[in-house]
Amino acid sequence: MRNGVTAQDGAAPAATVKPERADGRRMRSARTRQLIIEAYLALLRESPQIPTAASIAHRSGYSVRSVFERFPDLHTLRVAATDDAMLRVSTQVASQKVVGGRAERLRTHVQTRGRVCEEWLPLWRALNANQGDSAELKNRIRLIRELVVRRLEEVYAPELSTLEERERRQTVLALEALVDFESWARLREHFALSFEEACGVWTRAIDRLLPETPPVS
Amino acid sequence: MSTPKSAKIDGRRLRSERTKQLIIEAYIALAEEMSPRVPTAAEIAERAGYSVRSIFERFPDIRALQVAAIDYSLAQIAALSAPRGADGDRMTRIVSHVRTRGETCERWLPLWRSLIVNQGDSPEIKARIRIARDRVTDRMEKMFTPEFSTLPADERRQMLIALEALTDVESWARMREFFGLSFDEACQVWTQTIARLLPKRACGTA
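Residue numbers (this note's numbering), protein chains in the order written: chain H, 125 to 341; chain A, 7 to 212.
No lab work stands behind these hints: they were computed from the structure.
Accuracy of the hints is not assured; some may be wrong.
Sample of chain H residues lacking proximity to chain A, with all beta carbon distances greater than 10 Å (derived) [stated by the list, open to error]: (1) P172; (2) A181; (3) H199; (4) R229; (5) R231; (6) T232; (7) L245; (8) P246; (9) R264; (10) L271; (11) E278; (12) T286; (13) T295; (14) L311; (15) L333; (16) V340.
Derived lysine-lysine pairs resembling DSBU-like cross-links, with alpha carbons at most 35 Å apart [to be verified]: (17) H/K262 <-> H/K221; (18) A/K11 <-> A/K26; (19) A/K148 <-> A/K206; (20) H/K262 <-> A/K132; (21) A/K132 <-> A/K148; (22) A/K206 <-> H/K221.
Computed from a prediction, not measured in an experiment: that's the story for all the values here.
From the three backbone atoms N, C-alpha and C, an ideal C-beta is built for every residue, glycine too.
Can you make the complete structure from the sequences, with help from the hints?
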């Protein structure tokens, strides 16, 4: 408070330096935190093994102590990494406006979803593996699935609007299963399809599952 | 003299096999209860009623026991999910396939989840996951032969891949756990989905 008042008065230069210092420290600490999260995510992408505190510290270039100064335990780090990823995915998805005719919407949706699965599959697997009894992780898994469903409902609103409620729900559930992370993983890992081929499988299947697009009135 | 000796050896072998089997069954029961956590040697020993040493006399490590348990489960699944009603009409075949697949998923979900989560870099477990998925695909090829036979090879493969993804164990789990559907409601979703995906005109129909 004292610093704030002094700074507002524009008086002693020493007082102005103090909050700057504090801000600098806060910024550095936030950056360290972010780098630790990124190290955790990078390790997950490289190996399905759950990263240890030592490996996260090593990758981020900080000490194990630094990791635990920012995150009281690895579970908190997992939750923070999930939140960070969810924010990035939301931005990524929101930047892809899904407009236009059926084919165009299908293409944009499948390509975006494919890229999200490609990038975030390791985190998704870790999230499922580590959820245990964690209400925080379970909530995030639920939220991610709800976001996928909402996106499907938004993108294919014209087609879904032609169905009666029960059939509409069944179609959305089938679409959700189709564009799941593990479904993507199977296309890429088990069936060894290229990114484009995998998108092709999803595109054709969604196209068959959806009813005809109603004429624009 | 030689007959009683071999009888003794056979008895020992039989007992050892039975112990092995009981350890596998204890592992499966615990893996289902604790899924996706892998039970510890001490927990398995306690459940099976043997010592930890007995376990490691039969399995070099927990991973080997896990693999043996998967093989046992795969054999059971194969026995229970042989294609039924493959000569029926389109809807009979879809319904039959969906119900059998639903029952399999219902029964094996915890073990499957534990398998997926704990596969790590294990080539043995990955190979078994592949076998399980290939079996699902093979079964669908048999059940929907009339429909698939109308498709060119490339399209047929894509259709099979999509159907396999849609009828995955986790897809079943989501309907049951996340969306709160009953067994019959979940079957209806899959039935409707497969009916939409499969070509309407089957080989030999007008």
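How the hints compare with the structure:
Non-interface call for H/P172 relative to chain A: violated, since the shortest CB-CB distance, roughly 6 Å, does not exceed 10 Å. Distance to chain A confirms H/A181 as a non-interface residue, since its nearest Cβ pair spans about 22 Å, more than 10 Å. Non-interface call for H/H199 relative to chain A: holds, since the shortest CB-CB distance, roughly 15 Å, exceeds 10 Å. The non-interface label for H/R229 is consistent with chain A: the shortest C-beta to C-beta separation is roughly 18 Å, beyond 10 Å.
With a minimum CB-CB distance of about 16 Å to chain A, H/R231 clears the 10 Å threshold, and the non-interface call stands. Separation of H/T232 from chain A is adequate, the least Cβ-Cβ distance of about 19 Å exceeding the 10 Å criterion. In this structure H/L245 is separated from chain A by more than 10 Å, as the shortest Cβ-Cβ distance comes to about 12 Å. No beta-carbon of chain A is positioned within 10 Å of the beta-carbon of H/P246; the least distance is around 13 Å.
Against the 10 Å criterion, H/R264 stays outside the reach of chain A, whose nearest CB is about 13 Å from its own CB. A cut-off of 10 Å between C-beta atoms confirms that H/L271 is not in contact with chain A; the least separation is 13 Å. At roughly 18 Å from the closest C-beta of chain A, the C-beta of H/E278 stays outside 10 Å, upholding its exclusion from the interface. Here H/T286 stays apart from chain A, with its beta-carbon at least about 14 Å from theirs, past the 10 Å limit.
The beta carbon of H/T295 is not kept farther than 10 Å from every beta carbon of chain A, the shortest such distance being approximately 8 Å. H/L311, annotated as away from the interface, has a beta carbon of chain A within 10 Å; the closest lies near 6 Å. A Cβ of chain A approaches the Cβ of H/L333 within 10 Å, the least distance being about 5 Å, so the stated non-interface status is violated. The Cβ of H/V340 sits about 24 Å from the closest Cβ of chain A, beyond the 10 Å cut-off, so the non-interface label holds.
Restraint check for H/K262 and H/K221: the C-alpha separation of about 29 Å stays at or below 35 Å, so the hint holds. For the proposed pair A/K11 and A/K26, the alpha carbon gap of about 23 Å is at most 35 Å, so the pair holds. Taking the CA atoms of A/K148 and A/K206, the gap is about 17 Å. The hint holds against a cut of 35 Å. For a cut-off of 35 Å, the pair hint linking H/K262 to A/K132 stands: about 26 Å separates their Cα positions.
Distance hint between A/K132 and A/K148 is fulfilled; the C-alpha atoms sit about 24 Å from each other, no more than 35 Å. Only pairs whose Cα atoms come within 35 Å are accepted, and A/K206 paired with H/K221 is accepted, the gap being roughly 34 Å.
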